[in-house]
Amino acid sequence: MNNTHCDLNDYSHEKQWLKVEERFFKSIADGPTHRCYCCDRLYMKKNLVSYSKADLRDRGFTEEQIAIIFSVDLDEANFYKTCSDHIRKRNVSNLAVNYGFQYPEQTYCLSELNDLEERLVALRISFMQIRELGRDRQYGIKGSVTNVPNDLHKSVDCLPRNVNDSTTI
Numbered sequence: 001m002n003n004t005h006c007d008l009n010d011y012s013h014e015k016q017w018l019k020v021e022e023r024f025f026k027s028i029a030d031g032p033t034h035r036c037y038c039c040d041r042l043y044m045k046k047n048l049v050s051y052s053k054a055d056l057r058d059r060g061f062t063e064e065q066i067a068i069i070f071s072v073d074l075d076e077a078n079f080y081k082t083c084s085d086h087i088r089k090r091n092v093s094n095l096a097v098n099y100g101f102q103y104p105e106q107t108y109c110l111s112e113l114n115d116l117e118e119r120l121v122a123l124r125i126s127f128m129q130i131r132e133l134g135r136d137r138q139y140g141i142k143g144s145v146t147n148v149p150n151d152l153h154k155s156v157d158c159l160p161r162n163v164n165d166s167t168t169i
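Per the UniProt record's numbering, residue 1 is the first one in the sequence shown, and the count goes up by one each step.
Hints are computed from structural coordinates only; laboratory data are not their basis. It is possible that some hints are incorrect.
[Unchecked claim] Result set (EDC-like, lysine to aspartate or glutamate): computed pairs, CA atoms no more than 20 angstroms apart in a straight line: (1) Lys89 - Glu118; (2) Lys26 - Glu14; (3) Lys46 - Glu76; (4) Lys89 - Glu63.
[Claimed, not checked] Estimated spans, in silico, between C-beta atoms of each pair: (5) Phe25 - Val49: 37 to 47 angstroms; (6) Ser52 - Glu21: 32 to 42 angstroms; (7) Glu21 - Lys45: 40 to 50 angstroms.
Glycine is no exception: its CB is placed at the ideal position from the N, C-alpha and C atoms.
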């Protein structure tokens, strides 16, 4: 009879796990730090495709379209899959920076705010669900962020609240 057994001295599965774990943490550390030059958003490097202006001319794009696609004056740039799909279809992405979808420059006073102060003065406040986790009665935050429009002046005027106004027992 052929018995299968587990050799406790065989660490190959642990080595494989460590390699996978190392690759995961390396990709997380890299993060979405690479820019799409059409929509000006940040993505992972593996999700970007490189195009040159000469490539676009060969595909039949006009100089005006090329100027819209390339938000900066470069001969070659990286583009995210969505923008790249539009380029392959000989279109300009609706998310192009030159169509007005552009982040404004951050003012100095906003860069000095901490996380709590950012939430208090934000025009939109994010909400998540606080749920009980497991049997040991710990609580955690679950779910995705939902943005709710918020009037900044009302938020600032009502903070800090009186205990009587907070509807707590």
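Worksheet item: Is 37 to 47 angstroms a correct range for the gap between the Cβ atoms of Phe25 and Val49?
Response: violated (26 angstroms)
Item to complete: Decide if the proposed pair is consistent with the structure: Lys89 and Glu63, CA atoms, cutoff 20 angstroms inclusive.
Response: The given pair, whose Cα atoms are some 17 angstroms apart, holds under the 20 angstroms limit.
Discussion item. Given the hinted pair Lys46 and Glu76, is their Cα-Cα distance within 20 angstroms?
Written reply: holds (17 angstroms)
Discussion item. Does Glu118 sit within 20 angstroms of Lys89, going by the straight-line distance between their CA atoms?
Written reply: violated (41 angstroms)
Worksheet item: Falls inside 40 to 50 angstroms, the C-beta gap from Glu21 to Lys45?
Response: violated (20 angstroms)
Discussion item. Given a hint of 32 to 42 angstroms, does the C-beta separation of Ser52 and Glu21 actually sit inside it?
Written reply: Given range 32 to 42 angstroms: holds, Cβ gap about 38 angstroms.
Discussion item. What's the verdict on Lys26 and Glu14, does the C-alpha distance respect the 20 angstroms limit or exceed it?
Written reply: Judged against 20 angstroms, a Cα distance of about 18 angstroms means the pair holds.
In summary, the numbered hints that this structure violates are 1, 5 and 7.
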